[in-house]
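Taken in order, these protein sequences are the chains called A and B. Heads up: the first sequence begins at 1 in the working numbering, then just goes up one per residue. Heads up: the second sequence begins at 1 in the working numbering, then just goes up one per residue.
These aren't lab readings, by the way, just hints derived from the structure by calculation. Take every hint as true, because none was put in to throw you off.
With a straight-line cut-off of 25 Å between C-alpha atoms, the simulated DSS-like cross-links for lysine-lysine are:
no. : chain 1 : residue 1 : chain 2 : residue 2
1   : B       : K42       : A       : K227
2   : B       : K223      : A       : K438
3   : B       : K68       : A       : K438
4   : A       : K315      : A       : K458
5   : A       : K498      : B       : K223
6   : A       : K344      : A       : K458
Only a predicted model underlies this, so the values are computations on that prediction, with no experimental measurement involved.
Chain by chain, the residues run as shown.
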Amino acid sequence: MKYAAVVLLTAASMQAQVTFDRLAAAPSEPQNWLTYNGNVQSNHFSGLDQIKPENVANLDLKWVSQVQSLEKFEATPLVIDGVMYVTEPPNTAVALDARTGRPYWRYERPVPDATFVCCGNVNRGLAILGDSIFMGTLDGYLVALDASTGRVKWETKVVDYTQGYSLTVAPLVVKDKVVIGPAGGERGISGFLAAYDVKTGKEVWRFHTIPQPGEPGHQSWGGDSWKTGGGSIWVTGSYDPAANLIYWGIGNPGPDWNPTVRPGDNLYTDSVVALDAESGKLKWHYQFTPHDEWDFDSVQVPVLADITWRGKPTKAMLWGNRNGFFYVLDRTTGQFLMGKPFMKVTWASGLDDAGKPVKVPGKSPSIAGTDVYPGVQGGTNWYAPSFSPRTGLFYLTTWEDYHTTYFTWDQKYEAGKSYTGGSARSPIPSLRREPFIKWGPEWGYGVVRALNPATGEKVWDYKMMDVSDAGILTTASDVLFSGNREGYFFALDAKTGKELWKRYLGMQVANSPITYTVDGAQYVSVAAGHAIFTFGLPRSK
Amino acid sequence: MSARWLLFFLPGLAVTQAQHGSIAGLPFSTPQDVAEGQQSFKSQCAACHGLDASGGSVAPSLVSGTFKHGGSDDALFAVITKGVPGTAMSAFPLGGKETWQIIAFLRSMNISKAAGKAPGDAAKGARVYAANNCGRCHTNGTGSGGFFGPDLSTIGSHRLLDQIESSIVDPNAEVTPDYWSVTAQTKAGQTVTGMRMNEDMDSIQIRERNGHLRTLMKAELNKFEIVRTSPMPSFKGKLSATELQDLVAYLASLREPAATEGAAK
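With the hints as extra help, turn the sequences into a complete structure.
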């Protein structure tokens with residue numbers, strides 16, 4: 001027995017603990033993908049450079065991991081010291097060998113008879129700290145799993161799922177807390193972000209994304225409309241260690257398309273909020289789309305970038321918004337620095353000096369239907385953009401020439417049920433899994449776009465046939481990886497947008513690629529359809 | 001908004017069709033149930049399927065009598081209450097009565113009910129169909145016919161009378177992307193044409209006139225063009241008013257099996 005104990009100890013010491021210092025300094029260990037967005041600054045940039053423009057055309061398929069579910073795969077994996085942790089839809093977490101794809105363990109949480117999601121039983125991923133993996137579930141629980149066995153360490157009920165709430169977002173670990181909030185913007189929820197103690201699962205603080213009576217911003221809701229105001233959370237935020245601030249994008253107001261029942265700006269929907277990491281207190285906020293009428297959730301990933309702004313080094317936040325505008329904010333103060341449309345926008349003629357949109361009259365949803373650009377899925381959406389400190393460019397996936405006809409009607413709120421107050425019709429399907437593209441470019445198409453954050457101007461475009469729900473990864477060798485609904489996974493030159501390599505994976509990519517190394521060899525992983533595909537360079541003989 | 005959608009916005013359709021509908025097999029199927037089902041549909045389903053159930057950007061049309069995941073009452077009940085994995089159709093936690101009322105409303109919206117009102121003589125229309133060689137390009141459910149044009153075997157479940165008539169006298173009035181074609185010129189100078197079956201960034205999949213399936217790589221083409229007009233000749237002036245009416249009645253009678261329309265239980 002003594003011998004066994006020694007072996008166990010040795011094995012345990014090989015699995016280094018993932019401290020928060022490691023998460024905060026993620027760029028210093030590019031062999032791992034430590035958070036949903038790669039690092040707490042959410043750059044989706046990797047310091048790895050083994051796969052480069054000169055050899056990326058040699059990429060080989062290394063392994064495939066099939067998902068045991070037909071649900072849409074929207075998750076981005078974590079990779080820590082050779083182990084990949086990822087969620088499979090609807091409610092499953094798995095640990096795989098990152099070199100071979102062989103599974104170590106699987107945590108399958110039963111799905112209730114009915115779940116209360118808007119757009120499919122999805123989960124976007126995990127967070128890690130110490131030897132714990134954190135996962136939000138469709139039935140409203142935050143679960144801590146043991147990283148080496150997948151067994152439950154604790155679980156905390158975050159929301160009552162029968163009231164229209166669900167957890168689909170990958171949590172964010174900040175120091176000794178794990179932060180998460182509920183989806184349900186189409187079901188009249190009252191949203192929040194909450195922090196839980198990583199050891200016990202006990203709630204530490206809660207920030208109401210819809211200010212409750214007595215809280216600042218409550219007056220931005222007419223009458224009782226705040227009670228069903230939405231303000232959902234469904235994409236992971238960022239953290240700035242120097243400022244000790246958490247940044248998070250907030251979802252749409254409810255009901256989506258009947259804004260007349262919720263007079264006012266409807267804070268903090270369609271906003272980014274900056275919260276003190278210790279207390280959850282609001283430091284500042286910026287609302288991209290006050291009194292939203294088109295479902296322009298601002299759930300996009302807050303990209304924290306240190307750039308030169310008008311000649312001065314600036315701690316900036318870069319944001320390609322669903323509403324069609326690209327924004328640069330000062331992330332320390334929340335000051336609006338710049339905002340420009342990155343695509344055709346018809347609901348606003350521009351932004352005023354304070355960054356508030358100047359709305360175009362006649363664009364509200366109507367009984368007969370109102371055409372608006374961008375359409376309901378936005379100029380861009382939830383999938384990750386990327387900022388490369390090497391090229392200094394901001395990369396995002398956009399839906400070009402894409403519009404929706406918005407309809408409105410009166411609707412009574414009923415707890416747990418759909419609460420949208422209208423509908424949205426677009427020529428291009430909002431969600432799709434069929435591999436046929438029958439329409440022409442006049443109905444809309446996808447683009448991977450590089451923007452200069454200093455000007456908001458386009459540097460290059462990579463045009464696709466179909467729109468795309470794929471995020472973007474850039475690397476220290478100036479290779480950009482992304483995918484699309486057509487079923488392609490591809491590599492571009494991050495400086496020029498030139499296509500370097502492409503593979504047809506047979507079904508849509510609706511998540512963001514990642515890269516890592518095991519035993520010194522670089523891999524790049526992406527999910528397409530119902531499988532994870534991992535590529536690498538041919539091994540030298 | 002495209003013409004395809006506009007055609008479905010017909011006021012009063014629900015009420016008219018409910019009178020012709022046969023939904024007696026449903027547990028809740030009175031006119032009151034249909035009306036309440038319409039209200040529930042508006043609040044719970046219309047955001048994706050559209051107010052008139054003709055489909056939206058996320059969800060398919062529900063008025064043809066063809067349902068992707070089963071058209072029986074029980075199958076519809078299961079889809080509403082359980083959802084469809086891998087799609088935006090999540091489970092709707094509605095009560096049994098409300099769910100059945102929504103199904104009753106959907107049955108009332110069935111577009112093929114319009115066939116009952118066709119003024120022409122369907123039997124005579126079948127002879128018009130044969131005499132004009134429609135079967136050279138179309139199939140009509142009898143196991144014969146060509147594959148070049150749309151399959152008409154169940155066209156009466158999918159199109160309104162006006163739409164059927166318009167397709168005969170003015171085939172270019174509405175050509176859905178399924179029937180667009182492609183004209184391309186290869187770098188070798190060859191001209192290639194065919195029905196456009198699919199397209200992506202790199203390639204176009206076509207069906208040539210002889211049925212040959214072919215993929216054109218865009219990099220190997222000098223140019224290509226999507227042709228959005230119909231290869232079908234117009235029959236305007238070629239048919240008498242009576243012949244046209246009879247042909248429309250015949251086509252409207254080509255429908256999905258009654259079971260999928262909910263006529264039988």
